[in-house]
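For the sequence shown, position 338 (counting from the first letter as 1) is numbered 346 according to my numbering, and the numbering increases by one without interruption.
FYI, nobody ran anything at the bench for these hints, they're computed from the structure.
Just to be clear, a hint being listed does not mean it is correct.
[Stated by the list, open to error] The calculated lysine-lysine pairs, modelled on DSS-like cross-linking and capped at a C-alpha distance of 27 Å, are:
1. K335 <-> K351
2. K335 <-> K214
3. K351 <-> K214
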Amino acid sequence: MIRPEWRPSQAQAARYVRRQFGDEAAIAGDWSCSRLGWQASNEVTGGLYRVAGTAAMAGRTLPWSFIVKLVIPAAAAEPGHYNYWKREALAYQSGLLEELPGIRAPRCYGVEEQHDGSFCLWLEEAAGLDTREWTASHYVNAAYRLGIFNGAYLQERPLPNEQWLCRGWLSSWVAASEPYDDRSAWRADTWEHPRLQPEFPHSAAKRFAAFYARRADLLGGLRQLPQVFTHNDAWPPNLIWREDGALTAIDWAFAGIAGIGEELGRMYGLCLHQSLPEGLDDSAFHGMLLDAYGEGLHESGWRGPAQAVRYGFAASAGLRCGMLVPKLVQAARQPAPDAEAAKRFAQHCQIARCLLERAEEAISLLPEAWC
Numbered sequence: 009m010i011r012p013e014w015r016p017s018q019a020q021a022a023r024y025v026r027r028q029f030g031d032e033a034a035i036a037g038d039w040s041c042s043r044l045g046w047q048a049s050n051e052v053t054g055g056l057y058r059v060a061g062t063a064a065m066a067g068r069t070l071p072w073s074f075i076v077k078l079v080i081p082a083a084a085a086e087p088g089h090y091n092y093w094k095r096e097a098l099a100y101q102s103g104l105l106e107e108l109p110g111i112r113a114p115r116c117y118g119v120e121e122q123h124d125g126s127f128c129l130w131l132e133e134a135a136g137l138d139t140r141e142w143t144a145s146h147y148v149n150a151a152y153r154l155g156i157f158n159g160a161y162l163q164e165r166p167l168p169n170e171q172w173l174c175r176g177w178l179s180s181w182v183a184a185s186e187p188y189d190d191r192s193a194w195r196a197d198t199w200e201h202p203r204l205q206p207e208f209p210h211s212a213a214k215r216f217a218a219f220y221a222r223r224a225d226l227l228g229g230l231r232q233l234p235q236v237f238t239h240n241d242a243w244p245p246n247l248i249w250r251e252d253g254a255l256t257a258i259d260w261a262f263a264g265i266a267g268i269g270e271e272l273g274r275m276y277g278l279c280l281h282q283s284l285p286e287g288l289d290d291s292a293f294h295g296m297l298l299d300a301y302g303e304g305l306h307e308s309g310w311r312g313p314a315q316a317v318r319y320g321f322a323a324s325a326g327l328r329c330g331m332l333v334p335k336l337v338q339a340a341r342q343p344a345p346d347a348e349a350a351k352r353f354a355q356h357c358q359i360a361r362c363l364l365e366r367a368e369e370a371i372s373l374l375p376e377a378w379c
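Please work from the sequences and hints to get the whole structure.
Structure follows, in structure tokens:
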């Protein structure tokens, strides 16, 4: 396990400074290393550090900085697992993330394997717009860029075939979620609970059971879609708008192959858990994202059926309710400790309703029209 007090040596810092400037004569001056106050949501991340300072080069003093990500061995050691711990290091080493269409990845200056088997990723510091400042146009433009990115692999770019790429992300995730579902959401009396009944007044048990019965079909439908190279975790915390208008995607731990539209469905499902811009609700939000993503696909040159895109979007978003709904049922059994907790519960119920609607939409699109 990497210790929290990780710090590069003077020789390491100097080597990467020369690499960043592309000048062997660059001399590292004063520098510092600080652990970023960021809590990893993924067990494979052992820490995130900012290493920054100045350098003397050609009679000038210039600033420099790196983000160093520590990737540590975790339970998922199989390349096929959605959370395979080496994937991001391998992605940067492979060169796949250089010169991406529509989006960009941070430049990687080096991947170092440590004595304990972990990796240090020396990355460009990606600075840009705070996610709290995103407007509706930022979401729409991000969806458009993702459409260009995904669509390019249906056109002139060959689909990557590296063994370590994440394939069947949703299938793997659904299987990992299974132990958290005690099946109580299937029972009609569950939804008569006073905390649930006002939030789900219309045959919630039947709707959820019907969705659950078709999960395998939904996953099978995703496998029949045109396949593209994907980031698989593209949402505002991992998307950085630079001042020059470029969109940098960070955290490539789930990089893989998925059906067209899946990338957008994941973005949508994750975005529902954060505050959207004023005046933007789900009734408009998912349609705006779909339209923009479709425009990006068209820009890439793809002219396939719109039903396929809509299905990939709706299925990948809707399958998330398979984990969220059981958690809500379990949470409802405990009284809300305060008004803020009650508000969060109501918000999560709203998200679950949106996701269940997307799942039902995907089920309605399952017929062979797009296969």
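Verification of the hints:
Taking the CA atoms of K335 and K351, the gap is near 16 Å; set against the 27 Å cutoff, the hint holds. Of the pairs offered as hints, the one joining K335 and K214 holds, with about 17 Å between alpha carbons and a cut-off of 27 Å not exceeded. Proximity of K351 to K214 is assessed by CA-CA distance (about 26 Å); at most 27 Å being required, the pair is judged to hold.
The earlier numbered hints are all upheld by this structure, with none contradicted.
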